[in-house]
Structure formats: structure tokens, C-alpha cells
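Asker: Residue-level listing of the chains:
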Amino acid sequence: MERIFLPRLTLLFLFWFVGTATFAQQGYFVFKKTGSPALNTSTLLERGSQLLESDTLYLGQKDYVLLVNELGELFEITKPNTYAFSAIADYRRRLEADSFTEKYFTYVWKQFINRIKKKQESGVVYREERNIKLIAPRDSVKMFAPELKFVWQNNSDTEALFFFLKDVKTGHLTKIGLTGEQIILGLDNQLLKTGQTYQWSASTESFPNLNELKFHRLTLLSKGEFEALEKEVDALIRAFTLLGFSEAEIQEAICQDYKFCRE
Amino acid sequence: MYLKKILPKPNKFLLKEALFCMVFSFIILGLVSLIGFNLSFFTPFNNAFKDFSYLDLYYAEKLDRNIGDINKDIVLVNVERLGRAEIAAMMTKLERQKPKVIGLDIIFKEERDPIEDRALAQGHRMENLVTTYSILNSGVDSSAARISRPDQISGYSNFSFDPTSSVVRNFQGYRKDGDSVQVAFGVAVAKFVMGEKWDGSLERYLDEERPINYKGNRDNFLILEPDDILGRDTIPVVMNKIVLMGYLGHQENHRFDIEDKHFTPMNEKFVGKSAPDTFGVVIHANIINMIVSDDFISVVPNWILVLLTILFTFLALTYFIWLAKRQLASYILRLNIVRLVFIAVFVWIALLLFRNGILFKTAGIIAVAAFSIGLIGYYKKLAHFLYKKYKWNGYFYQD
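Sequences listed follow chains H and X, in order. According to my numbering, the first sequence is numbered sequentially starting from 1. According to my numbering, the second sequence is numbered sequentially starting from 1.
Any given hint might turn out to be false.
Claimed, not checked - The list that follows gives simulated cross-link-like pairs (lysine to aspartate or glutamate, EDC-like), each with its CA atoms no further than 16 Å apart:
id : chain 1 : residue 1 : chain 2 : residue 2
1  : X       : Lys-62    : H       : Glu-230
2  : H       : Lys-32    : X       : Glu-127
3  : H       : Lys-32    : X       : Glu-196
4  : H       : Lys-103   : X       : Asp-64
5  : H       : Lys-259   : H       : Glu-230
6  : H       : Lys-193   : H       : Asp-167
7  : H       : Lys-103   : X       : Glu-61
8  : H       : Lys-110   : X       : Asp-219
9  : H       : Lys-223   : H       : Glu-147
10 : H       : Lys-32    : X       : Glu-61
11 : X       : Lys-93    : X       : Glu-61
12 : H       : Lys-142   : H       : Glu-121
13 : X       : Lys-72    : H       : Glu-249
14 : H       : Lys-32    : X       : Asp-56
15 : X       : Lys-215   : H       : Glu-73
16 : X       : Lys-72    : H       : Glu-102
17 : X       : Lys-269   : H       : Asp-157
18 : H       : Lys-103   : X       : Asp-56
19 : X       : Lys-273   : H       : Glu-230
Said to hold, decoys possible - So the derived list for chain X, only partly shown, Cβ under 7 Å to chain H, looks like this:
id : residue
20 : Trp-303
21 : Ile-304
22 : Ile-349
FYI, nobody ran anything at the bench for these hints, they're computed from the structure. This structure is a prediction, so every number in the text was calculated from the model and none was measured. Virtual Cβ for every residue (Gly too), placed ideally from N, Cα, C.
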């Protein structure tokens, strides 16, 4: 028994080793890219470029690469950093769960209750951007709140979209797929921390060109910073109150002009 | 106990009635079809449904399991609006990267600038090149003689020779033209790639129209744009790959481009009017992928469909004749609910089978069963007449 088993095990191991080595030699190919990701600091990556075992990948701010291996699997890297060849395997893109029956019967149900996609057709040419308009928080504002409500207006024909939140300090980009026109995130000390500056945006594309995507900047104030700012604008608030403005109008004016917003 | 209430207990008269009702509905259906085929009055109805298939739901609602997968064997090269000199330069550059084959889905019909044509002719000398031609009603369109080689491996770019459908669901691999046999572009490329692995039985299989197993549209293939090729010394991704050169529109605005675009089951809108969805070269890529990876769609034979149609129609009629006899107030409601559930479940089964590579055309079964159920009322009148006149005993009327 052992005499048969051992040679087979050795052969199996050899096959595995040779197989692994072969795949490793094949490496990754660049399927898509945005920005200027580089190979070994000097060579700029192009579509179709190959990454081999000895290569190191460099991603700067706003760079993005989508790599494909010999098996057709996708690897997506968005964060600015230096990546050794072996580290790329950790960035395998997760595909949406296989839920054929659920998808089908959801479709049947929508048909049944007449919740079908309705689209009005108009014969006109648009010269405005038919995409997503960021509403709140406004660009470059400072805020102090236990939770933040990000609001946008979806002018596109696509219902599903992606919300992007970027930590300016670390460059970490979070992507959340959703439908609708708002998302509320709490200050959990993970995704959102006080004292940090963020950029946020929304796009109908899963992999938008981050260089071209419009972001709003947002600084989350710590309690101390908030209280200091409150003192600064206190005189202003009192003056406006005496002039007969309502509290909401005063808050709006301060948010617009001083970029200090309550919500 | 509950099942006894909702399901009929088969008896001789019920089964006999169901059988005769089925024969009656088949005769009516036959007459209606005959009228439909022969009267031009029905042509608009025929045309409205000829391009419809429940299975298109599979791609339209993204039920396929290939979402996000990238084809690893085929690289597409976009020639966009380049001139002949640039295309020739791209061909030369690509050949240096040692691809398995270069499939050229472009016809250079007329002779133009002699220098550019000579450059193209030079490109056509490569051994691993497969070119194409187009079969038209008026003849054949192919590249000019001074560009292509006489012994060039070539295949027709037509997908199907069925003039009644505008949706590219099927393709024909071989076509007999008198004594000669013509081969499709996709088959010619696949045959070149497979070399000795090419099996003679494949030729017999592809002799007839076969469904295309679509694995993806433009986004599921690596597409190299002219800048990705002309401005670089090496393109490692091309090595040992199947390279197809053709028109894929502008990389940013290709969605609004309909040149060499065709309707396929992958269209997001599976009923009603829409724009064509897939570039010809992408359809060829799907065909080649299907042949090279031996990933064909098996078609459920017609005799099985006929048997299933008879079986399901008979079962449905048995149930509804039993229900009709009971004269329940809820008869119409039950009829509609069961018909709806029957259609939904049947389409689900067909889609599930399609997902596993089996083409099971359920539309005929659904239509015949639903139509037959609708005729029960008329059949009852006939049964009443037969009973009155000839004392014919059935489930509805008996002594």
C-alpha cells in the first residue's frame, strides 16, 4: 500500500509544483488602467503589459489597474502603494454572488406587480451632463456630526451606482454599490474618523476614471475644533439674529460662505 | 387529504375527455397555423414574434454566470478608422509577438494607394493569418487580388443564412456551394488554432445551424487599441493568443456606434425596438471561443419537445376539465394562476438548462398548452352536441 502511495504522492507533488511554477511564470496582464501606474518605478504600464514574478507594481494617487491572469481571473488595485508580485493575488476581484433562481423570480415578481422599467422618450439633445450631481455635503466643508448624510442627484438612466469615499491622508478608497440618491454613514472610527479629511463622489461606473471623477472634499472636525469654530462664528450668529434672520437661514449662510456646516 | 381536494382522481372518462379535447385543440391549432402561414394578414404578427425568445431573458436580466469573466485566450484588436498603412503596420507588429493566429475581420475590397496596398499584401504573407469574405445575394465581397494571397486561409463572415431572423443566435460553420464547401471565418480560425486536435466530427456537427454560446460582449475581452500596439516595441499579452482584428468603434463612444453591430441575445432589451448591441468581431470571438473550448450548446431534439408538448397539454387538460366539471366559482381565477405558474416555472427550467449548456425551447410547449386550455369551453360545446346527437359518453356529459 505504502509502496504504491508514496510514488503517487511524489508524482502528484511534482505535478503541483510544475503547475504552480508554470502559472507563476505567466504572471498578470494589464486589462484596464487609469492614471499612470508604473512597473519597477520607470516603465509606465500600458494595456496588455505583462507583470512577471520579478516585477514590482507602483500605484500613485488616482491610479488604478485591473489585471487579468492566465485563468481569466481579475485583480483590482486602487490604493496608491508599492506591490510585490506575490501580493497581487490578494486583490482578486470578487464577483457578485451566483443567485440565478433569486434573480429570475425577482424579475417575474416585478413583472407580476407591474414594476417594470419605464422610460420617457423625448426628442431633444442635452448639453448638460447626464450623470450624477453631488449635492451634500458641499465641496470643501468642515463638519461636526455623529453621522453624515451624503446626497446626490442621479441624472443618468442607470439606477445602480457606486459611492466612493477616499481618505485623503491614507489614500484609501472605499467603494459601495447601491441604488438611490443618498447614504448615511456614522463616525465609526474606521470608515469615518474625526479630524480627518475625505473626498467623496458617486458614479454609475464601477471603475470610473478617478482623475476625471468630480469629488467633494470634506473635513470632519474634532470636538475641540468644532467648539473653537463655534466661538468664532458666535458673534456672527448673534448679529444675524438681531437682524431678524431665522436660525436655518443663518446656518445656511455660514455653511455657504464659511464652509462650516452643521449637517 | 388536501391533495385529493385540489387534484383530480383519474378515471376512464376524464382521461378519454382530455385525450379528445387535446385532439380537438391540435386540429384547431393546426388550422390556425395554416391560416397564419398562408394569409399575409397575419404577417405583422409573425414578424412581431419571429425575433422573440424567452431565453433572451437570460442575458437581458444578467442571469448568466459569466458576469465579470474575462476571456483569456482571445485578444481583440480595434482597427477603428485607421488607414491601410496603419493596419498593415499593426499586423506586422502583432505578428512579431508570436500569436497563435491572426484573424482579420476586414475586407479590403478595392485597390487603392499602391504603396499602402503593397504594405497590406506584405502583411497578408504571414502564415498564421486567416482572412474573411462576405457572401451577398449578388455574389461575394473579398479583398482585392493584389492584397490577398491566392492560397490564403479564409472564411465567410456571415453568421447565419436564415433570412427570417435579425437576431444572431445561430451560426452555420460550413456551407455547400455547388460542389465546393465554404467555411465560416470563426471555424477557419478555430481549425487553424486546434491543428491536429481538429476533429472530423466537428465538421459534420457544424454543417447545420448551431446556437452560439455567448460568453460576453466587448467588455469581456481584452481590447487593444491602435495606440496600445503602434507605440510599443513588445506586447506580451498577444503571445500565443488568438488575435482578432476588426472594427470595435471608438473606445469611449462605441455604445453609440452601430457600424458592423448586430442584434444578439445579449441585447439589454429583449422585446421591442432597440439598437444593435454587438460588434461582428465580438460575435466571431464568441464562436471561436465556443469551438476552441468545446463549449457547445446542446439542443433538445424536436421529438422530445413534441412528446413533452403532448404530455403537458394532456396533463393540463385533464386538470382543467376536472376543474371545469366542478363548476367552481374560482375556476377562472385558478385557470389564470395555474397558467401563470406553469409559464414562470417552465421558463425557469428552460433558463436553468440554458445556464448548463442545454437549449430547451419551451415557447412551443407553453403556447400549445395555454392555447389548448383556452379551448376547453368550445370543446365542451362539441361534447354536448355529440352527446345529444350520438349519445357519446364523456366526462362532461354521460348517461
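Asker: Confirm or reject each hint.
Answerer: Status of each hint after checking the structure:
1. X:Lys-62 - H:Glu-230: violated (52 Å)
2. H:Lys-32 - X:Glu-127: violated (31 Å)
3. H:Lys-32 - X:Glu-196: violated (35 Å)
4. H:Lys-103 - X:Asp-64: holds (10 Å)
5. H:Lys-259 - H:Glu-230: At roughly 13 Å apart (the allowed maximum being 16 Å), Glu-230 (chain H) and Lys-259 (chain H) satisfy the hint.
6. H:Lys-193 - H:Asp-167: holds (10 Å)
7. H:Lys-103 - X:Glu-61: holds (8 Å)
8. H:Lys-110 - X:Asp-219: Roughly 28 Å separates the two Cα atoms, so the pair is violated.
9. H:Lys-223 - H:Glu-147: Measuring from Cα to Cα gives roughly 14 Å; hence the hint holds.
10. H:Lys-32 - X:Glu-61: Cα-Cα ~25 Å, so violated.
11. X:Lys-93 - X:Glu-61: This hinted pair is violated, its Cα atoms lying about 40 Å apart.
12. H:Lys-142 - H:Glu-121: violated (41 Å)
13. X:Lys-72 - H:Glu-249: violated (59 Å)
14. H:Lys-32 - X:Asp-56: violated (29 Å)
15. X:Lys-215 - H:Glu-73: holds (15 Å)
16. X:Lys-72 - H:Glu-102: With a Cα-Cα distance of about 29 Å, the restraint between Lys-72 (chain X) and Glu-102 (chain H) is violated, given a limit of 16 Å.
17. X:Lys-269 - H:Asp-157: holds (14 Å)
18. H:Lys-103 - X:Asp-56: holds (14 Å)
19. X:Lys-273 - H:Glu-230: Given pair Lys-273 (chain X), Glu-230 (chain H) is violated - Cα atoms ~59 Å apart, limit 16 Å.
20. Trp-303: This interface hint is violated because 28 Å lies over the 7 Å limit.
21. Ile-304: violated (23 Å)
22. Ile-349: Nearest chain H Cβ about 10 Å off; hint violated.
Of the numbered hints given earlier, the model fails hints 1, 2, 3, 8, 10, 11, 12, 13, 14, 16, 19, 20, 21, 22; all others are met.
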